[in-house]
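J.: Residues per chain, in single letters:
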Amino acid sequence: MSPRDQIRKGSTDFVVLSLLVKRPMYGYEISQQLGQRSGGYFEMKEGLLYPALHHMQEKGWLTTEWRKVEGRRRKYYALTKMGLEVLDQQAAEWKTFLEKLDGLLQANDVWTG
Amino acid sequence: MTVDLVLAKIGEQLHLSKETEREVLAEIRTHLEDTVAAASARGEDEQAALSQAAERFGIPEVSAELQVIHNNHDSTEAILATALPIVFTLILRWMAFAPDGSALHWQQILTRPGFYLLAAIALAIPVLIFHRWRYALVGWGIFWFLTVIFVIFPSINSW
Chain A
1 MSPRDQIRKG STDFVVLSLL VKRPMYGYEI SQQLGQRSGG YFEMKEGLLY
51 PALHHMQEKG WLTTEWRKVE GRRRKYYALT KMGLEVLDQQ AAEWKTFLEK
101 LDGLLQANDV WTG
Chain B
1 MTVDLVLAKI GEQLHLSKET EREVLAEIRT HLEDTVAAAS ARGEDEQAAL
51 SQAAERFGIP EVSAELQVIH NNHDSTEAIL ATALPIVFTL ILRWMAFAPD
101 GSALHWQQIL TRPGFYLLAA IALAIPVLIF HRWRYALVGW GIFWFLTVIF
151 VIFPSINSW
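Listed in order, the protein sequences are those of chains A and B.
First residue of the first sequence: 1, per our numbering; consecutive thereafter.
First residue of the second sequence: 1, per our numbering; consecutive thereafter.
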């Protein structure tokens, strides 16, 4: 697994939760939005997305509801209160991680070469 | 390749409760149909889009992961669905048998508000905690079965 894939896998829960803050979405919509909003960086294989969604549902971070839209039954995922708390915790953790990483790389002039 | 064929391949590797399996496959079906519809709208080849989507799912891997996630959940629910009515029936047994060992009859049991409260709780708790409402009804059925057995055969009290 490449470093990029490792980072993406490690951030799967966070990016999905952050996408669902504004409104509930269904699986296909989530995969499309992730790709579009990140310029393709967070484009996620379905084989990774659906197990992640179901896992977060089992943990109580997401709740689901089947809706019939344009003749198709779609399973919508929405954040629960617990999911929102987890998102806040993970956001703080990622912010700290990025700050520390930035500090480390700047101190060693890695960014500028 | 068709959507049904892809779903059949995933379904072959899932060994979950019928209800869970149906729900998982229904969700994947919608995803595949959306993928094909989007490809068609862009003027792309639908078959190629479906093949790529099936590849991105990684059928053996996604089946295995979903199996692990839902299997644990289904097993826990099944154990709880059996254990809860037994607990409620034991409470009923405590209510139905007097300290001197004599058992109450239906007429006496049915005059006790506590009996109705217990029956309501025996249904409400499973309905609230289970994802599958059928599990709650199965649990409630076991509760009533054991209740009837207790009242009809009061000698069980000596067990």
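Hints were generated in silico from the structure; no laboratory data involved.
Note that the structure is a prediction, hence the values are computed from the model and not measured.
For each residue, glycine too, the CB sits at the ideal point set by N, CA and C.
Be aware that a few hints might be false.
[Said to hold, decoys possible] Not everything, but these chain B residues come out facing chain A in the computed CB check (under 10 Å):
(1) 19
(2) 29
(3) 30
(4) 31
(5) 35
(6) 39
(7) 43
(8) 45
(9) 55
(10) 57
(11) 66
(12) 69
(13) 70
(14) 148
(15) 152
J.: Among all the numbered hints in the text so far, which are the ones the structure does not match?
T.: Of the numbered hints given earlier, those the structure breaks are 1, 6, 7, 8, 14 and 15, listed in rising order.
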